[in-house]
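Here the sequence shown stands for residues 7 to 139, numbered as in the working numbering.
Everything labelled a hint here was simulated from the structure, so no lab data went into it. Accuracy of the hints is not assured; some may be wrong.
[Claimed, not checked] For each label pair, taking beta carbons as the anchor points, the in silico distance ranges come out as:
id, residue 1, residue 2, range
1, Lys138, Val89, 23 to 33 angstroms
2, Gly80, Gly105, 33 to 43 angstroms
3, Leu93, Asn73, 22 to 32 angstroms
4, Leu131, Arg45, 10 to 20 angstroms
5, Leu59, Lys81, 33 to 43 angstroms
6, Thr32, Trp106, 39 to 49 angstroms
7, Thr32, Thr110, 37 to 47 angstroms
8, Glu20, Val87, 35 to 45 angstroms
9, Val68, Phe129, 19 to 29 angstroms
C-beta: ideal position from N, C-alpha, C; glycine also.
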Amino acid sequence: MNQTNPTADLAQAEARLPRWMLGLATVGTICILLSTHVRFGAGFAIGSALGILNYLWLHHIVEALVNSGRARPGKGVLAKVLVRYPLMFAGVYLFYKSGWLPFTAVLGGLFVPVGGVLMEAIFLLKEGIKVKA
């Protein structure tokens, strides 16, 4: 039976997550655009970008806080903590009130990181089953 390093597996999974998210956002946007729903596709793309940006900022914040130990985190990290949710809510509210792009498309795009996590979970399950066999 092969023993794997859990820390290395976690680092690899963290590296794959943004790729899963970007791939899901790209495929979703292309499929929506091919179905001739241009405004919905644009809304999904913007929502996906906001969702992925939110994930990347959160990942950076957590890494900075974990690696800083007892030292005070940098001003950039603190700014991201304070600005992340108000900026996200302001962007979503703008699309909701203006009607410029379909609100449901933007909201659906915000769930792209969840889809990326689910895809990574399926990948890890498949790898775990392959190792056990």
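Going through the earlier hints one by one, which of them does the structure break, listed in rising order? 1, 4, 5, 6, 7, 8
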